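Make the full structure from the sequences, and use the hints.
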Amino acid sequence: MQILIADDDPLSTRLAQHALGHGVAITAVDNGDAAWSAVQARREPMLLVLDRMMPGIDGIDLCRRVRASETYPPIYILMVTSAGQPGDLAEGLDAGADDYVVKPFNVAELRARARVGERMLALQESLARRVSELEEALRNVKQLRGLLPMCAYCKKIRVDNSYWQQVESYVSEHSDAQFSHGICPECFPEALAEADRPITDEVG
7 MQILIADDDP
17 LSTRLAQHAL
27 GHGVAITAVD
37 NGDAAWSAVQ
47 ARREPMLLVL
57 DRMMPGIDGI
67 DLCRRVRASE
77 TYPPIYILMV
87 TSAGQPGDLA
97 EGLDAGADDY
107 VVKPFNVAEL
117 RARARVGERM
127 LALQESLARR
137 VSELEEALRN
147 VKQLRGLLPM
157 CAYCKKIRVD
167 NSYWQQVESY
177 VSEHSDAQFS
187 HGICPECFPE
197 ALAEADRPIT
207 DEVG
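In this note's numbering, the protein residues as written are 7 to 210.
I should point out that these hints are in silico values taken from the structure, not numbers from a laboratory. Computed from a prediction, not measured in an experiment: that's the story for all the values here. Errors might be hidden in some of the hints.
So the derived label-pair ranges between C-beta atoms look like this [said to hold, decoys possible]: (1) E115 - E142: 37 to 43 Å; (2) V122 - D64: 20 to 26 Å; (3) E179 - R203: 30 to 36 Å; (4) M7 - L154: 49 to 55 Å.
A virtual CB, placed ideally from N, CA and C, is assigned to each residue, including glycine.
Here it is as C-alpha cells:
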C-alpha cells in the first residue's frame, strides 16, 4: 500500500508523517498538480492524506478528478483541512473524500482514521482479487456454442469430416453436463415390445 500526503504546510506534513510512519513508504508533495500526477501513477492501493487548500489543483477538485477516473487500484481519501464548518465537511465528502479531519488535528485521531482507510483498502483489494478469480473461472467453463452438425437418423455429431460421435459423449467432453438414462412415455411401448421379443439364434 502507498501513502501519499499532499499538503503545502510543512508542519502538518511532518505531523502526518509521524502519525502514519509505521513501516509503510510515505510520499509527500506540496501542491495539487504533483498529487494528481502521483495518483495517476499509482500501481497499488493508496491512502491519500489530502489538504483542502493547496497551490495548483485544490483538494476539492482533486477529489472530483480521482472519483471520475479509474478506480483501480483503490484509493482512500482522508481530507485534512482547517475548514471545519459543517458546510465545508459536506462539500469535501460530496466531492469524493472518504473521511475528514480538521486542523489542527490530533496525531492519534489521524492515525486511527488512517487505519480505517487501510482496512477499507485491504477489503477492496481482496474483493477485486476475488472478482478477478471468478471471471477467470467463468472464462474456463466449458460451453457449447455454434452450429452442431448432427445426423438426422442416428443423431450422432460430426466431429470432423470422417468421424461421428455419439451426442452424449460429445456433450460430456464440451460441457460439464452429465447424463442419466430413462425411457420416455412415447418410447416405452416400443422398449417393452423389444424386451418381450424372443431371441433367436442364427443358424450358419
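Evaluated hints:
no.	hint	in the structure
1	E115 - E142: 37 to 43 Å	holds (41 Å)
2	V122 - D64: 20 to 26 Å	holds (24 Å)
3	E179 - R203: 30 to 36 Å	holds (34 Å)
4	M7 - L154: 49 to 55 Å	holds (51 Å)
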